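There are 2 protein chains.
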Amino acid sequence: MDSKAKSTNVTWHDTVITKEDREKKNNHKGIVLWLTGLSGCGKSTVATCLQEKLFNQDIQAYILDGDNIRHGLNGDLGFSPEDREENIRRIGEVAHLFAQAGMIAITSFISPYRKDRDRARKLNQDGEFIEVFVKAPLDVCEDRDPKGLYKKAREGVIKEFTGISAPYEEPENPEILLETDKLSVEESADKILDYLKAQGVIG
Amino acid sequence: MDSKAKSTNVTWHDTVITKEDREKKNNHKGIVLWLTGLSGCGKSTVATCLQEKLFNQDIQAYILDGDNIRHGLNGDLGFSPEDREENIRRIGEVAHLFAQAGMIAITSFISPYRKDRDRARKLNQDGEFIEVFVKAPLDVCEDRDPKGLYKKAREGVIKEFTGISAPYEEPENPEILLETDKLSVEESADKILDYLKAQGVIG
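So the protein sequences, as listed, match chains A and B.
If you count by numbering that gives the first Met the number 0, then the first sequence holds residues 0 to 202, one letter each, in order.
If you count by numbering that gives the first Met the number 0, then the second sequence holds residues 0 to 202, one letter each, in order.
Some hints here could point you the wrong way.
Identical copies go unnamed one by one, so any copy, or any two together, can satisfy a pair.
Claimed, not checked - In the BS3-like style, the derived pairs of lysine-lysine whose C-alpha atoms are separated by at most 30 Å in a straight line are:
| hint | residue 1 | residue 2 |
| --- | --- | --- |
| 1 | Lys196 | Lys18 |
| 2 | Lys114 | Lys158 |
| 3 | Lys52 | Lys181 |
| 4 | Lys190 | Lys114 |
Bear in mind the hints are in silico, worked out from the structure with no lab data behind them.
Predicted model, so just to flag it, every value in this text is computed and none were measured.
In isolation and in its complexed conformation, chain A is listed as follows:
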């Protein structure tokens, strides 16, 4: 690169594509939609339904969940308190990157600790982190037990299981509350969509 090319470099560096540029092009904002709740509360189901609805409206959205995080990025982490905290820290950072890239990042993790969720929130601007408390009574979640985890927790095979032998700290002021023992999956997803529209995240 000669000196002319060098000055071109400077120009290129000055014309970085911003988050706002992406949002204008995509016609929606880039945000983090943080689903939290007990195992079996319906996080994944609601996330999947919501993602499909967003996709059908030409909105860029992507789910981060155990399936694509636990064996990949966080495959080096176990279930010690430190590793659980680091698990959520990294997910918060990756979700933030997706939002910066102009997408709606939907995270679907129990994320039982307020401190960890608040740290993820603080990476983002006001209004760009939306906490969704996916709530169902413990006995309902345990009755559903889609992965047989509650059974194993009751038998002591799984230690420190959220809701049974480890705490779940409920969100004190979530942007959205979904009571999935009262709402259907579609009603839950639609409640999120309505919120996103009301906030101007999507058109």
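Given the coordinates of chain A, assemble chain B onto it according to the supplied hints.
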């Protein structure tokens, strides 16, 4: 959720949005474009120019680089050999996630070790990881020294600096070779675009 809602759940889980769905909607493929080369070789400049050109063609692309990774996701990592390896491992995983989400993930890191780059490659399907060797002679890079790092490395202030006091393992068979002492920034970006078109990654 009653039994009716439960059977709805199953349906939703069956209609997960796939990478192929996203590619069809976006009208381009989701891939990882892995830029590797010495400090000062022009990775960031080419990445920034390329990203702008892609954006102007309505292509979803996002740069992962030191600015958005080192202080965020990898803020817990130092510069020990283990931490450098873990740095690249995580970047490979995140780039893979962006590709799964239908985007062109452009990574811009020295990534001096073949083993680390190959691990990142293996996360992706054939043709979905494109290694770009951004090549300039060491003396050219050192003369540019945009961040003053070579000076510090020569003074011994920075230890184990790639090209000076730590090795750079050149790609043996990169998909794209950019000799940035011979090509301008725009010519470099255009060479990548031409490759992406020839491979059917973009239209």
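To see whether the hints hold, each was checked on the structure:
1. Lys196 with Lys18: The answer is both: 19 Å in one copy and 26 Å across copies each meet 30 Å.
2. Lys114 with Lys158: within (22 Å within a copy, 37 Å between copies)
3. Lys52 with Lys181: within (21 Å within a copy, 48 Å between copies)
4. Lys190 with Lys114: within (26 Å within a copy, 47 Å between copies)
In summary, this structure violates none of the numbered hints.
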